[in-house]
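2 protein chains.
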Amino acid sequence: MDSIMSMLHDICMNVRSKVSKMSREEAGISLARGAGGDITKKIDKVGEDAALEVVREYDVSCKVLSEEAGLVDSGRKGRGGADANASNDDGSCIIVLDAIDGTTNAVRGIPFYSCSVAYATSDRLSSVTHAAVMDLTSGDIYYAVRGNGAYMNGSRIKTVNTSNDRAGYVIGINLSGISIDKLKRMSSILAMTNHIRQFGSNALEMCLLARGLLDAYIDVRGKIRVTDIAAACLIIVEAGGIVVDEHLNMLDAPLSLDARLSFIASADKSMLNYIFSSIASS
Amino acid sequence: MDSIMSMLHDICMNVRSKVSKMSREEAGISLARGAGGDITKKIDKVGEDAALEVVREYDVSCKVLSEEAGLVDSGRKGRGGADANASNDDGSCIIVLDAIDGTTNAVRGIPFYSCSVAYATSDRLSSVTHAAVMDLTSGDIYYAVRGNGAYMNGSRIKTVNTSNDRAGYVIGINLSGISIDKLKRMSSILAMTNHIRQFGSNALEMCLLARGLLDAYIDVRGKIRVTDIAAACLIIVEAGGIVVDEHLNMLDAPLSLDARLSFIASADKSMLNYIFSSIASS
Chain Z
479 MDSIMSMLHD ICMNVRSKVS KMSREEAGIS LARGAGGDIT KKIDKVGEDA
529 ALEVVREYDV SCKVLSEEAG LVDSGRKGRG GADANASNDD GSCIIVLDAI
579 DGTTNAVRGI PFYSCSVAYA TSDRLSSVTH AAVMDLTSGD IYYAVRGNGA
629 YMNGSRIKTV NTSNDRAGYV IGINLSGISI DKLKRMSSIL AMTNHIRQFG
679 SNALEMCLLA RGLLDAYIDV RGKIRVTDIA AACLIIVEAG GIVVDEHLNM
729 LDAPLSLDAR LSFIASADKS MLNYIFSSIA SS
Chain E
479 MDSIMSMLHD ICMNVRSKVS KMSREEAGIS LARGAGGDIT KKIDKVGEDA
529 ALEVVREYDV SCKVLSEEAG LVDSGRKGRG GADANASNDD GSCIIVLDAI
579 DGTTNAVRGI PFYSCSVAYA TSDRLSSVTH AAVMDLTSGD IYYAVRGNGA
629 YMNGSRIKTV NTSNDRAGYV IGINLSGISI DKLKRMSSIL AMTNHIRQFG
679 SNALEMCLLA RGLLDAYIDV RGKIRVTDIA AACLIIVEAG GIVVDEHLNM
729 LDAPLSLDAR LSFIASADKS MLNYIFSSIA SS
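Chain order of the listed sequences is Z and E. Per this note's numbering, the first sequence starts with residue 479, numbered consecutively. Per this note's numbering, the second sequence starts with residue 479, numbered consecutively.
Okay, chain Z solo, but in the shape it has when bound:
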């Protein structure tokens, strides 16, 4: 494990350690509105603080883009800092963090929420080189380094188009707050698929796709932030899957909380073609 991946791993571990001590009541206390526009819950703040603590310990010169705090300096102590200097740490790097993806689940007590963290060498989603997503309930960790495949707890994972029967596909779709126009575009897929899923943490659901448990994951609402998906996008691609925008281009975006994205992630090309033809026919 290289020093960057070691940092991402330690971030996830520290977030899990800190938030697992919180009661549901404490986790759900509303604080101020975060940089991303949503009300920050106490669990978000505790998670973010835990992540930033690790970033400071690694003494990297990157900025951190976080759902709660926005784009902030890492709080680097000074030059000569440890292992991370072995990497491409010239100060243009960005750590893209959603300390708690699936806050509502966490606060409700639904055991499906995650910590998502990615390392990018510049200011675009396409420059992400390292990624980690941890299931904060089980402690399972999904991770990838660009060009080196995707892993879960040390074992290689791959996307799988598991069914030759369209009705048998298991497709995750984020429909929370979807506009009526955009819902209409999903109507054929919903009608033709016997197994629709929505668990409530985009990052973790995308990892289920990377692991071969879902065939596709779709979010065309135009609402999702790069902080939610930066890590999982690389994990899917390194697992053999595809993540595209609504125009079938490889998904890319500036690493900014202002960007609101739509995307389709798919186990393989044939699955992607099926989804696009379904959307086109709706």
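In case anyone wonders, no lab produced these hints; they're calculated from the structure. As the structure is a computational prediction, the values presented were derived from the model and not from experiment. Accuracy of the hints is not assured; some may be wrong.
The list makes no distinction among identical chains, and a pair is therefore deemed to hold if it is satisfied within one copy or across any two copies.
Below, a list of computed lysine-lysine pairs in the DSSO-like style, where the Cα atoms sit at most 30 Å apart [what the hints assert, rightly or not]:
no., residue 1, residue 2
1, K660, K496
2, K499, K636
3, K520, K636
4, K701, K662
5, K496, K701
6, K747, K636
7, K660, K701
8, K520, K701
9, K520, K662
10, K496, K523
11, K660, K520
12, K662, K499
Once you have looked at the hints, place chain E on chain Z.
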């Protein structure tokens, strides 16, 4: 715990014991088409056999309505059979069984599937007096006896309308294979709710509602069978919730695999009114 509840508990325990030994590959082997019309997977058959084994041990005179086998005799050994005779066991009772609710999740390795079993004194859903649903991953058991409240692992559970902010509601909706017309009726709720969920086991999702983790659960597809929901309906009602049909009548149906239902389950009356007004405006 009375003898009927003891039997339902033992059914869940035996199903969990038997299916937990199966690999995903074995679980997913396709067998013949079941009485309910779906292809029976090996995990369904192993689960059903495990349940029927317990029913025979309890030596009750009920029939069993099961998703795979249809309506069958319990295989009673003879008169004089044990504890269950202390109950209303005059031969008109029906045990309503879905040994594996969420088969696709089980076969994929998604840890959200359950065993659902109910005891009815006659041939209508409204005659269910005892109910149990077990989360087959965690072993958590939800249960209720009519008039005596609902429980999870020995602790009383209650529905909770957790939010005074409509956007903050967490609403489960089953959208798998939904027709375009019926999807249109859901469009306002989807647009107004920031937290839509679909985990893939109706029975277990309804128990999340009973436990206060969801505010409502909606399935208006007209596809669900009584075997999937007989137990969870009683658990919700005993937890203080409401389960109605599309005309706002308390949900009832014959205990038959021919019945295909739509229903709306809600934490309380104000939540139900909100959902109905949303559907009416779509």
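Now for the hints, and whether the structure bears them out:
1. K660 / K496: neither (38 Å within a copy, 44 Å between copies)
2. K499 / K636: Intra 33 Å, inter 25 Å, cutoff 30 Å: inter-copy only.
3. K520 / K636: between (35 Å within a copy, 25 Å between copies)
4. K701 / K662: Both, since 17 Å and 21 Å are each at most 30 Å.
5. K496 / K701: within (29 Å within a copy, 44 Å between copies)
6. K747 / K636: within (14 Å within a copy, 46 Å between copies)
7. K660 / K701: both (12 Å within a copy, 25 Å between copies)
8. K520 / K701: Answer is within; shortest intra-copy Cα gap is 23 Å, inter-copy 41 Å.
9. K520 / K662: For K520 and K662, the Cα distance exceeds 30 Å both inside one copy (36 Å) and across copies (37 Å).
10. K496 / K523: Answer is within: at 11 Å inside a copy they meet the 30 Å cutoff, but 43 Å across does not.
11. K660 / K520: Classified as neither; 32 Å inside a copy, 38 Å across copies.
12. K662 / K499: neither (42 Å within a copy, 43 Å between copies)
Hints 1, 9, 11 and 12 from the earlier list are contradicted by this structure; the remaining hints agree with it.
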